[in-house]
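K.L.:
Take a look at the letters that make up each chain.
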Amino acid sequence: DAKTTQPPSMDCAEGRAANLPCNHSTISGNEYVYWYRQIHSQGPQYIIHGLKNNETNEMASLIITEDRKSSTLILPHATLRDTAVYYCIVRVPWGNAGNMLTFGGGTRLMVKP
Amino acid sequence: DTGVSQDPRHKITKRGQNVTFRCDPISEHNRLYWYRQTLGQGPEFLTYFQNEAQLEKSRLLSDRFSAERPKGSFSTLEIQRTEQGDSAMYLCASSLDGQETQYFGPGTRLLVL
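One line per chain: the protein sequences are A and B, in this order. Remember, my numbering sits 298 above the position in the first sequence when you count from 1. Remember, my numbering sits 349 above the position in the second sequence when you count from 1.
By construction, these hints were calculated from the structure, which means they are not laboratory data. Bear in mind the structure is a predicted one, so any value in this text is a computation, not a measurement. Keep in mind that a hint or two might mislead.
What the hints assert, rightly or not - Residues of chain A placed beyond 10 Å of chain B at every Cβ, according to the derived structure: (1) Thr324; (2) Asn351; (3) Gly403.
As the list claims (entries may be wrong) - Heads up, incomplete: computed chain A residues facing chain B, CB under 10 Å, no partners named: (4) Cys310; (5) Ala311; (6) Tyr330; (7) Tyr344; (8) His347; (9) Leu349; (10) Phe401.
Cβ atoms here follow ideal geometry from the backbone N, Cα and C, with glycine treated the same way.
This is chain A alone, in the form it adopts within the complex:
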């Protein structure tokens, strides 16, 4: 799986949009970008994933650059409950390589009142 780089920590004001960047410059053509988050003392929670088109669901939006070398997870109106570690993972979601998630250090997002 391609390596990802994320800032170790970010702050965001409650009610504002949180934009979490991820660099994956070595991504290959069949690798998807996945985002998970982990709230303190809980298991990781799936947020969203995409290949090359921008994606949106009830939790977040995923913006992938045209060259696919980076992406941004957007939480449109951050709340205190969004305080968590956010992991960006690049993987081929099938075959033997799809059998595991490789987590990096993630970004610790602190949403402040």
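Since the structure of chain A is provided, determine the placement of chain B on it from the hints.
P.N.:
Quick look at chain B alone, frame taken from chain A:
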């Protein structure tokens, strides 16, 4: 759909004792994964089952660790002769063939004294 459940949520044991953890995946999910997470790090893959077959094991899974999924439903992870270095959160996840998103349980936190 009640999500992935794990039992116990916390376990304190003395060095040298054996411990066993249980994971109940989301019903009808045929894939089941075990991960380990130490403090301040992202989860690390341990092993993976497709139905009852254990198809992949990480180098992290020493011979003191054994995982089973006897009927293709729940799974157990046993650690024999525990060591202080085994102290970690043990996470279970499940997914469905053709839908490669993994859903995580709350984890079992192990402390070896």
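K.L.:
So, for every hint listed, does it hold in this structure?
P.N.:
Status of the hints after comparison with the structure:
With a cut of 10 Å on Cβ distances, Thr324/A stays outside the contact zone with chain B, its closest approach being about 19 Å. No Cβ of chain B comes within 10 Å of the Cβ of Asn351/A; the nearest lies about 17 Å off, and the non-interface call holds. With a closest Cβ-Cβ approach of about 6 Å to chain B, Gly403/A is found to fall inside the 10 Å limit, against its non-interface label. Look at Cys310/A: its Cβ only gets to about 21 Å from chain B, farther than 10 Å, so that hint breaks.
This hint is violated: Ala311/A has a C-beta 26 Å from the nearest C-beta of chain B, more than the 10 Å allowed. The closest approach between the C-beta of Tyr330/A and any C-beta of chain B is roughly 9 Å, which is under the 10 Å cut-off, so the hint is satisfied. At about 5 Å, the closest approach between the beta carbon of Tyr344/A and any beta carbon in chain B falls short of 10 Å, and the interface hint on this residue holds. Because the smallest distance between the Cβ of His347/A and any Cβ of chain B comes to about 7 Å, under 10 Å, the interface hint for this residue holds.
Against a cut-off of 10 Å between C-beta atoms, the interface hint on Leu349/A is violated, since the closest Cβ of chain B lies about 12 Å away. With 10 Å as the threshold, the beta carbon of Phe401/A comes within range of chain B, its nearest partner Cβ sitting at about 3 Å, so the hint holds.
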